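Protein chains in written order, with our numbering: chain A, 1 to 114; chain B, 1 to 114; chain C, 1 to 114; chain D, 1 to 114; chain E, 1 to 114; chain F, 1 to 114.
Source of the hints: derived by calculation from the structure; they are not laboratory data.
Careful, some of the hints might be misleading.
One copy or two, it doesn't matter: identical chains are merged, so the pair holds either way.
Here are the simulated DSSO-like pairs of lysine-lysine, each with C-alpha atoms no more than 30 Å apart in a straight line [as the list claims (entries may be wrong)]:
#1 K79 <-> K9
#2 K79 <-> K24
#3 K45 <-> K9
#4 K108 <-> K24
Quick caveat, the model's predicted, so the values are computed rather than measured.
Protein chains: 6
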Amino acid sequence: MSKLEEFQKFRAEMNAEIQNIDNKTIKRFMALDHQAYQEGVLEGKIKELLGLACSMVLRCDDCITYHLWQARETGASRKEVEEAMAIALIVGGSIVIPHFRRAVEIAKEIEWEE
Amino acid sequence: MSKLEEFQKFRAEMNAEIQNIDNKTIKRFMALDHQAYQEGVLEGKIKELLGLACSMVLRCDDCITYHLWQARETGASRKEVEEAMAIALIVGGSIVIPHFRRAVEIAKEIEWEE
Amino acid sequence: MSKLEEFQKFRAEMNAEIQNIDNKTIKRFMALDHQAYQEGVLEGKIKELLGLACSMVLRCDDCITYHLWQARETGASRKEVEEAMAIALIVGGSIVIPHFRRAVEIAKEIEWEE
Amino acid sequence: MSKLEEFQKFRAEMNAEIQNIDNKTIKRFMALDHQAYQEGVLEGKIKELLGLACSMVLRCDDCITYHLWQARETGASRKEVEEAMAIALIVGGSIVIPHFRRAVEIAKEIEWEE
Amino acid sequence: MSKLEEFQKFRAEMNAEIQNIDNKTIKRFMALDHQAYQEGVLEGKIKELLGLACSMVLRCDDCITYHLWQARETGASRKEVEEAMAIALIVGGSIVIPHFRRAVEIAKEIEWEE
Amino acid sequence: MSKLEEFQKFRAEMNAEIQNIDNKTIKRFMALDHQAYQEGVLEGKIKELLGLACSMVLRCDDCITYHLWQARETGASRKEVEEAMAIALIVGGSIVIPHFRRAVEIAKEIEWEE
Numbered sequence: 001m002s003k004l005e006e007f008q009k010f011r012a013e014m015n016a017e018i019q020n021i022d023n024k025t026i027k028r029f030m031a032l033d034h035q036a037y038q039e040g041v042l043e044g045k046i047k048e049l050l051g052l053a054c055s056m057v058l059r060c061d062d063c064i065t066y067h068l069w070q071a072r073e074t075g076a077s078r079k080e081v082e083e084a085m086a087i088a089l090i091v092g093g094s095i096v097i098p099h100f101r102r103a104v105e106i107a108k109e110i111e112w113e114e
Numbered sequence: 001m002s003k004l005e006e007f008q009k010f011r012a013e014m015n016a017e018i019q020n021i022d023n024k025t026i027k028r029f030m031a032l033d034h035q036a037y038q039e040g041v042l043e044g045k046i047k048e049l050l051g052l053a054c055s056m057v058l059r060c061d062d063c064i065t066y067h068l069w070q071a072r073e074t075g076a077s078r079k080e081v082e083e084a085m086a087i088a089l090i091v092g093g094s095i096v097i098p099h100f101r102r103a104v105e106i107a108k109e110i111e112w113e114e
Numbered sequence: 001m002s003k004l005e006e007f008q009k010f011r012a013e014m015n016a017e018i019q020n021i022d023n024k025t026i027k028r029f030m031a032l033d034h035q036a037y038q039e040g041v042l043e044g045k046i047k048e049l050l051g052l053a054c055s056m057v058l059r060c061d062d063c064i065t066y067h068l069w070q071a072r073e074t075g076a077s078r079k080e081v082e083e084a085m086a087i088a089l090i091v092g093g094s095i096v097i098p099h100f101r102r103a104v105e106i107a108k109e110i111e112w113e114e
Numbered sequence: 001m002s003k004l005e006e007f008q009k010f011r012a013e014m015n016a017e018i019q020n021i022d023n024k025t026i027k028r029f030m031a032l033d034h035q036a037y038q039e040g041v042l043e044g045k046i047k048e049l050l051g052l053a054c055s056m057v058l059r060c061d062d063c064i065t066y067h068l069w070q071a072r073e074t075g076a077s078r079k080e081v082e083e084a085m086a087i088a089l090i091v092g093g094s095i096v097i098p099h100f101r102r103a104v105e106i107a108k109e110i111e112w113e114e
Numbered sequence: 001m002s003k004l005e006e007f008q009k010f011r012a013e014m015n016a017e018i019q020n021i022d023n024k025t026i027k028r029f030m031a032l033d034h035q036a037y038q039e040g041v042l043e044g045k046i047k048e049l050l051g052l053a054c055s056m057v058l059r060c061d062d063c064i065t066y067h068l069w070q071a072r073e074t075g076a077s078r079k080e081v082e083e084a085m086a087i088a089l090i091v092g093g094s095i096v097i098p099h100f101r102r103a104v105e106i107a108k109e110i111e112w113e114e
Numbered sequence: 001m002s003k004l005e006e007f008q009k010f011r012a013e014m015n016a017e018i019q020n021i022d023n024k025t026i027k028r029f030m031a032l033d034h035q036a037y038q039e040g041v042l043e044g045k046i047k048e049l050l051g052l053a054c055s056m057v058l059r060c061d062d063c064i065t066y067h068l069w070q071a072r073e074t075g076a077s078r079k080e081v082e083e084a085m086a087i088a089l090i091v092g093g094s095i096v097i098p099h100f101r102r103a104v105e106i107a108k109e110i111e112w113e114e
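Whole structure, please, built from the sequences with the hints as guidance.
Following this line, the structure appears as structure tokens:
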């Protein structure tokens, strides 16, 4: 199983557990998080690039993995993803580099349209 | 060995190593960290919930694991822990979700009084 | 006008502006943020102390001001607030001290039940 | 002088001071920061929205002010900016709200094309 | 009154208030924070530069002001301070720049030995 | 293979991948990150200690591993490293402890001159 598939499996299992928690705040936030990336005046792929860049500067590997995959799903090219990551690198500094390395590893598991 | 036990073992071993470092600042801070959670006008379990919520918004998996376990030890119920985690989720945003997933996984290894 | 009143005025004015933005994600998140602190198995004042400690470790002066005031409104004593802030100080380290100083300044504007 | 103008003045003065520091690392990083937002496969305005969202989740008021203004300069509409800020709010959580309030205040000083 | 003097005055006043809080955790942490910068195998000025760089990457203006002043007091030259700040800039990224600008403003109020 | 060697291998492989990305911002930032630690008025080992302390307060395990190793390469003693880590612990608070534990584990794989 690739790293991306492992992440997707764990994410699905744990999201199911979270749905079983009887807490309205948690349920509503999970729904809202999903909704935030729906296409609006900004295309879906731009929203995913925004999510990706934010995840990089906040240095969350799982979030980076998720938005890389979603960026691909919504039609972002590899070069668009690289430019978004370049901005995150400058904003967030060298502390972002280890996460960038892992992002590059995940990106290799994804088939990009050039 | 469960993930919680693995964490507890590593924590104990490394805390012993840290005690061997000949540095007063380090020794005193480790002692102070322990002391901060002693019961005062706030019950021990409330202090552990404060530690848990802070650990979630700062996104430290080991700290979350530690305070989940300590919350149980000091008498917090599963529902109390869930409400504390819900606040941390709102304060800290979706970047907290991957840590929340791992917290849910650890929480399953703990026997809670409902 | 005290610093607390100044904050309350700016907060009210800008929250009104935010309500005028035609964006569902924003509106729902603002509502959810309000809802998260409603009394549940944890009392309202404990939720405010959780919000206060999280705000301190994340070092947000306005959030600290808000939760100090809400902690008072929901019945927290000065000593309870001090114990919550002590935990935040240990979790977040000396980088929290300047925010702690400003919290102490705001706390002086609030009438606490001892 | 509006808040935006005050920021622009301070920024220009201090950037000039920074240029006088005889340190290659600093000079090169300042140049690189400028270069990162140049149009590539992503339009300039998308890069500014990426900078804006990153600035919000990292909670830097000056950076938010700067990218709001640059977003306008590169042709972003108010609605596009609002959608980018909505994503940052969900990713970064309620701790972002005070910065969002100040962003809304600055946004009022800017003339947007609807 | 210069910005540095204003900071020093507020710091002294609030530290006095903090000493009046009847909470052992807080008192001990404040003492420990002081102690950590005492000369050891590393000179005092190196410890201040460490404090300065950490304050920059964590983006705390008051902490930066404090360590700039302490760096001067313990004998750091302007060039040493600039090199420490350059590292912080690279580690922390462009989000550090607004704090760097304010650091440069404060540094002008300090008389450095070249 | 030790944890340090595993890190070094992954780092080298991914840095090579990063060099293959056709993006000037990324390439220049990677070069600049390298350059920032070159000896200046501050010795190389002091710059590595600055990098180490910044990495600890920002809580990046890979960065800590890297700077521990570089500190050794540039001649820092174990005691100097411990004093730098003690400052980072006080600045960053107890949230740094899990990273400190892992740093201690890595430090054991390194042969220090006492």
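Failing hints, ascending?
-> none
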